[in-house]
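Participant: As a plain string of letters, each chain reads:
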Amino acid sequence: MTTAETESVESFRARARDWLAGNMPRLDENAPPPALGDDDEEWVRARELQRMLYAGGFAGICFPVEYGGLGLSLAHQRAFTQETAGYEMPVQLNIPTFSIVCATLLDMGSEEQKRERISAAIRGDEVHCQFLSEPSGGSDLAGLLTRAELDGDTWILNGQKTWSTSAYAADWGLCLARTNWDVPKHRGLTMFLIPTRAPGLHMNRVKMVNGSREFCEEFFTDVQLPATAVVGEVNDGWAVASRQLFHERNAVGGGSPFVSGLAGRPRALGGQSPFTIARATGRAAEPGVRERVGEWVAMETVQHQMVARVGRAIGTGALPAPAASLLRLFHAESAQRATDLAMDVAGAQIAAGVGTEEGVVGRAGIAYLSRQGASLGGGSSEMARNQISERLLNMPREAAADRDIPFNQVKRGRA
Amino acid sequence: MELELTADQKLFQSSARSLLEKDHSLDRLRGLAPGEPAWDRDSWQRGAELGWAATIVPEELGGGSVSGEGVRDLTLLAEELGSVVAAGPFLPVNVVLAGLVAAHGSGPDHAATIESLVAGEQVATWAVYEPGGQWAPEAARVAATPTGEGWRLDGTKDRVEAGLEADLLLVTATGPEGLVQLLVPASAEGVAVSPQWALDLSRPLAEVRFDGVVVGAEAVVGTPATTPEVLERQLQIALLVQCAEMCGGLDRMFALTMQWGFDRYSFGRPLASYQALKHRYADMRTWLEACHATTQAAAEAVQAGSADAPQLVSVAKSFVAERAQWILQDCVQLHGGIGVTWEHDLHLYLRRATSDRALYGTPEDHRRRLADLSSL
Chain A
1 MTTAETESVE
11 SFRARARDWL
21 AGNMPRLDEN
31 APPPALGDDD
41 EEWVRARELQ
51 RMLYAGGFAG
61 ICFPVEYGGL
71 GLSLAHQRAF
81 TQETAGYEMP
91 VQLNIPTFSI
101 VCATLLDMGS
111 EEQKRERISA
121 AIRGDEVHCQ
131 FLSEPSGGSD
141 LAGLLTRAEL
151 DGDTWILNGQ
161 KTWSTSAYAA
171 DWGLCLARTN
181 WDVPKHRGLT
191 MFLIPTRAPG
201 LHMNRVKMVN
211 GSREFCEEFF
221 TDVQLPATAV
231 VGEVNDGWAV
241 ASRQLFHERN
251 AVGGGSPFVS
261 GLAGRPRALG
271 GQSPFTIARA
281 TGRAAEPGVR
291 ERVGEWVAME
301 TVQHQMVARV
311 GRAIGTGALP
321 APAASLLRLF
331 HAESAQRATD
341 LAMDVAGAQI
351 AAGVGTEEGV
361 VGRAGIAYLS
371 RQGASLGGGS
381 SEMARNQISE
391 RLLNMPREAA
401 ADRDIPFNQV
411 KRGRA
Chain B
1001 MELELTADQK
1011 LFQSSARSLL
1021 EKDHSLDRLR
1031 GLAPGEPAWD
1041 RDSWQRGAEL
1051 GWAATIVPEE
1061 LGGGSVSGEG
1071 VRDLTLLAEE
1081 LGSVVAAGPF
1091 LPVNVVLAGL
1101 VAAHGSGPDH
1111 AATIESLVAG
1121 EQVATWAVYE
1131 PGGQWAPEAA
1141 RVAATPTGEG
1151 WRLDGTKDRV
1161 EAGLEADLLL
1171 VTATGPEGLV
1181 QLLVPASAEG
1191 VAVSPQWALD
1201 LSRPLAEVRF
1211 DGVVVGAEAV
1221 VGTPATTPEV
1231 LERQLQIALL
1241 VQCAEMCGGL
1251 DRMFALTMQW
1261 GFDRYSFGRP
1271 LASYQALKHR
1281 YADMRTWLEA
1291 CHATTQAAAE
1301 AVQAGSADAP
1311 QLVSVAKSFV
1321 AERAQWILQD
1331 CVQLHGGIGV
1341 TWEHDLHLYL
1351 RRATSDRALY
1361 GTPEDHRRRL
1371 ADLSSL
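As they're listed, the protein sequences go chains A and B. Taking the working numbering, the leading residue of the first sequence gets 1, the next gets one more, and so forth. Taking the working numbering, the leading residue of the second sequence gets 1001, the next gets one more, and so forth.
Treat the hints with caution; some may be incorrect.
[Said to hold, decoys possible] Simulated coverage check for chain A against chain B, where a stretch passes if three residues somewhere in it have a Cβ under 8 Å from a Cβ of chain B:
{"id": "1", "region": "56 to 69"}
{"id": "2", "region": "307 to 313"}
[What the hints assert, rightly or not] If you anchor each label on the Cβ, the simulated ranges turn out as follows:
{"id": "3", "chain 1": "A", "residue 1": "GLN82", "chain 2": "B", "residue 2": "SER1194", "range": "28 to 34 Å"}
{"id": "4", "chain 1": "A", "residue 1": "GLY22", "chain 2": "B", "residue 2": "THR1223", "range": "29 to 35 Å"}
{"id": "5", "chain 1": "A", "residue 1": "ASP404", "chain 2": "B", "residue 2": "LEU1032", "range": "55 to 61 Å"}
{"id": "6", "chain 1": "B", "residue 1": "ARG1046", "chain 2": "A", "residue 2": "PRO64", "range": "58 to 64 Å"}
Simulated from the structure, these hints should not be mistaken for laboratory data. Ideal Cβ placement from N, Cα and C applies to all residues, glycine included.
Kindly produce the complete structure, drawing on both the sequences and the hints.
Facilitator: Here you go:
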């Protein structure tokens, strides 16, 4: 008899509570936010924390036992997550490692892929990433140009990827490439599981306007992959990518069983809310400032209420899966409103920092520079609006010049 | 809308719907002559028989709710009434009941009044605004002076919903020891009620003058100690009803505008095929979901008496009232010129939403309240 069959949620919760108290480090609420820029040490820390969870028997709660997990229910996972309040947790591993890559491997991977990759991630030995987007097009994922050609038993991969989040910290990535150019775009793709340190793979970190370097770009030059690197079927990679997109929406919507832990350490750029800025600038008594802080409080609250409601509705089937685009669109709006309100509240002070440091108010200025990131990352807001109008409201689809046309006959841009 | 309704709630909802279809047509509302009453006592009585004034009143005081969670049932009803811009004293009666029930056990006994309001035999309203004033119930200028045996009231209230029709006025006034609320019969000597022009055709407003009005000590609602929480309860119920009725109205008008998008053709294509318009529909659909999300969350908090209920009703009001305007004005835009005609239904909803936005605190008022509550 396994633990899964015997242990009740409440017993598991009580055991988790004791174990967390005795083993996991407490979050330091008063710690200053980390410096802008590199966050490499966060990833080292995430692996350490994951190893602690694994050693304590609280890692991979909803993954099957045969792949290194505990094989327990979503209720067990939720109970554990609730108990983690106030503790440092390896939340960087939730997305994409556990809730997207491992979840997709569980659905579509070979037995060997599942046994090796999922268990290594649960042990804290591996981090996973996704190689999906390409510089030739952001929203049109299936129109990608990276190619994989079979040479005997070996696949030869050539091309370029970008916007791969935290790929520099990862060991393995799911990479979508074109393997047949004579069929319409969705039907000629294959998903590969590739080591990020494979010969021929060159990775750069992309520096963003806010100083973040979490995104990477990769160049693949004759990267050699064995036949066992294929995830799912050859030329059926879109089915695998669709699972990834599903799991991504599920994770962002709060419905994933593979997300564990409530919080991590304070992230860079976390400390410049309109509330904080109102205090830092000494403007908290101004009615106009109070109105804006109140608006921010309301927006943040509605954002959480929206995630809870739509997540639950998708879970029960009250809303169809494309309703996740409602969350995508609203998140962008609330994040951007927060940025704008912070700038309003900062007023004249946003142009300068404190001495040679950016200070809290300077951070609001930096956050404003990358304001549009909220409506670009994870699919643009325009794509979300297409999804909502076409998939949720059943309005006519946009004309597509590549539908049902062999990909090698589809027109491409010059950039 | 709640995501899941029980069988009893569905029955409650459908009984409300059939009465609303019979008694509250939009054409009647549109056709009202100036000065013609927007509703009559009989139709309110029929609503009361279906439990429209009973949900937030405990059974021992003559009330009761189908789900056992009165605030949720009240919200459900408010959505139904809002979806047809129903005329009648639903909001003021339930707000006064909220106050009387919250005060029950502190101060004079109002059980008999509660019972008659639940039964629809009497109508009551909250007299809280004062001429020229913004939302500031704590700064009432209407004066309550102790007379020895009771109180004397002097001053003027306005924007009193159903003021002409009400039998009882719950007056928020300032006494020597701070705020005091008095339940005053509209027939008392010295009370002068006059009609006031109202943007919302379905909600007649009145100005009420109190000129040396004398009431007994039994007219007081609550005690000086309980008045702030009684007031807060009245406000919470008013805000929830407003938000829920706006949600109901928005659902109806969004559905109408969706249908229009599919039915109306320009250049040989339905409006719903133009990306510029599809994107506006997508925004509206998103805001609508968020309006429901925040209204339901506020209803749950008020139902549970959670510590964050004051915040959550202000979050809901500030958000829903603003988005209701955005959505309805976009519905007008998508309809084209017909959307600004008297014949179209949209203005009836826009009137209600604009009036709801203005009363019991504007979004700006509630944002400042949120800043206060967040100890900024």
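Participant: Okay, A:GLY22 versus B:THR1223 on CB: inside 29 to 35 Å?
Facilitator: violated (51 Å)
Participant: Can you take a look at whether the region 307 to 313 of chain A is actually covered by chain B? Rule is 3+ residues, C-beta closer than 8 Å.
Facilitator: It holds, with 5 qualifying residues against the three required.
Participant: At least three residues with a C-beta closer than 8 Å to a C-beta of chain B: is that true for the region 56 to 69 of chain A?
Facilitator: violated (count 0)
Participant: Do B:ARG1046 and A:PRO64 keep their Cβ atoms within the hinted range of 58 to 64 Å?
Facilitator: Between B:ARG1046 and A:PRO64, where Cβ atoms are some 59 Å apart, the hint holds.
Participant: Taking the beta carbons of A:GLN82 and B:SER1194, is their distance inside 28 to 34 Å?
Facilitator: 57 Å Cβ-Cβ, so the 28 to 34 Å window is violated.
Participant: Using the Cβ atoms, figure out if A:ASP404 sits within 55 to 61 Å of B:LEU1032.
Facilitator: holds (57 Å)
In the structure shown, a violation is registered for the earlier hints numbered 1, 3, 4, in ascending order.
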